[in-house]
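Number of protein chains: 2
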Amino acid sequence: MSGHAESGFELDPRLAADTAFVADWPLSRLLLMEDARFPWLILVPRRPRLSELDELRDAEQMLLLQEIHRAMALLRHVAPCDKINLGALGNVVRQLHVHVVARRVGDAAWPEPVWGKGAAVSYAADMRERRIDQLRNVPAPPLKPPLPMGG
Amino acid sequence: MSGHAESGFELDPRLAADTAFVADWPLSRLLLMEDARFPWLILVPRRPRLSELDELRDAEQMLLLQEIHRAMALLRHVAPCDKINLGALGNVVRQLHVHVVARRVGDAAWPEPVWGKGAAVSYAADMRERRIDQLRNVPAPPLKPPLPMGG
Chain A
1 MSGHAESGFE LDPRLAADTA FVADWPLSRL LLMEDARFPW LILVPRRPRL SELDELRDAE
61 QMLLLQEIHR AMALLRHVAP CDKINLGALG NVVRQLHVHV VARRVGDAAW PEPVWGKGAA
121 VSYAADMRER RIDQLRNVPA PPLKPPLPMG G
Chain B
1 MSGHAESGFE LDPRLAADTA FVADWPLSRL LLMEDARFPW LILVPRRPRL SELDELRDAE
61 QMLLLQEIHR AMALLRHVAP CDKINLGALG NVVRQLHVHV VARRVGDAAW PEPVWGKGAA
121 VSYAADMRER RIDQLRNVPA PPLKPPLPMG G
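One line per chain: the protein sequences are A and B, in this order. Sequential numbering from 1 applies to the first sequence in this note's numbering. Sequential numbering from 1 applies to the second sequence in this note's numbering.
Treat the hints as calculated values from the structure; they're not laboratory data. Among the clues, some could well be false.
Any copy, or any two copies together, can satisfy a pair, since identical chains are not distinguished.
As the list claims (entries may be wrong) - Computed list of lysine to aspartate or glutamate pairs in DMTMM-like fashion (alpha-carbon distance at most 20 Å, straight line): (1) Lys117 <-> Glu34; (2) Lys117 <-> Asp35; (3) Lys83 <-> Asp54; (4) Lys83 <-> Asp12; (5) Lys83 <-> Glu52; (6) Lys117 <-> Asp82; (7) Lys83 <-> Glu55.
Please model the complete structure; the sequences and the hints are all you need to start from.
Below is the structure:
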């Protein structure tokens, strides 16, 4: 829920309302979705006026790809996980954001996607803090340096 | 619906049943989803036994990223489009596949995701062929050579 601008970046207020701040990674803000039914992270590249993946510069897309991997690895560390769902939709909130969701067979939406399935269940305050602490303290592999895609 | 194996790759039969073959790109098989309600492409990396994005080698992930861009560009050429939805779910069909869907404000599922929303509407045969021809004949920018991500 950190609201500072970075080169004109401001988190969409609907994303801010539905999430808790976890960390600022080199490209993206890492958010925890406020829905205790699913271990659910959201990456928001801290660049202004983006809505589609291919509006990011090549090197930033590669960085985003690495941050998606890192988010996948974090989720696997903090929660049991049968499948990871990735999505970049943006029909309601246009600001480019990537969902990274740990799914379990038999979870509250299984095997459907999580979006629009039932009402979100808020975290109890201590559970939210514990989850955020876990996420911040997983030893993540260092990100590789961004390289241009060539050409 | 081409079924030839490539280094052990075989298209999941459920994906084959729900789609029409469009093309084999350097990494992925490009499929048209058999649902005339949405211009909807699916990319399936032609590698065996993949279910998660981070199981692809780095260079192949970059190639997939470029092929996602190319699919986005194709959709924008052949159909009006307000937003592109990207998703890699795999809860039902585990074989790694990426959905690239052109959305319009007011379309049959707007603003919800397309997955699991109502029944698919088959293309009339001539419309399917016309759409596939369009997709095959859009002058696409050449793919850039894959480079390792560094590190």
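These are the hints, each one checked on the structure:
| no. | hint | result |
| --- | --- | --- |
| 1 | Lys117 <-> Glu34 | within (14 Å within a copy, 24 Å between copies) |
| 2 | Lys117 <-> Asp35 | within (11 Å within a copy, 22 Å between copies) |
| 3 | Lys83 <-> Asp54 | between (26 Å within a copy, 12 Å between copies) |
| 4 | Lys83 <-> Asp12 | between (28 Å within a copy, 17 Å between copies) |
| 5 | Lys83 <-> Glu52 | between (25 Å within a copy, 8 Å between copies) |
| 6 | Lys117 <-> Asp82 | within (19 Å within a copy, 24 Å between copies) |
| 7 | Lys83 <-> Glu55 | between (28 Å within a copy, 12 Å between copies) |
The structure shown violates none of the earlier numbered hints.
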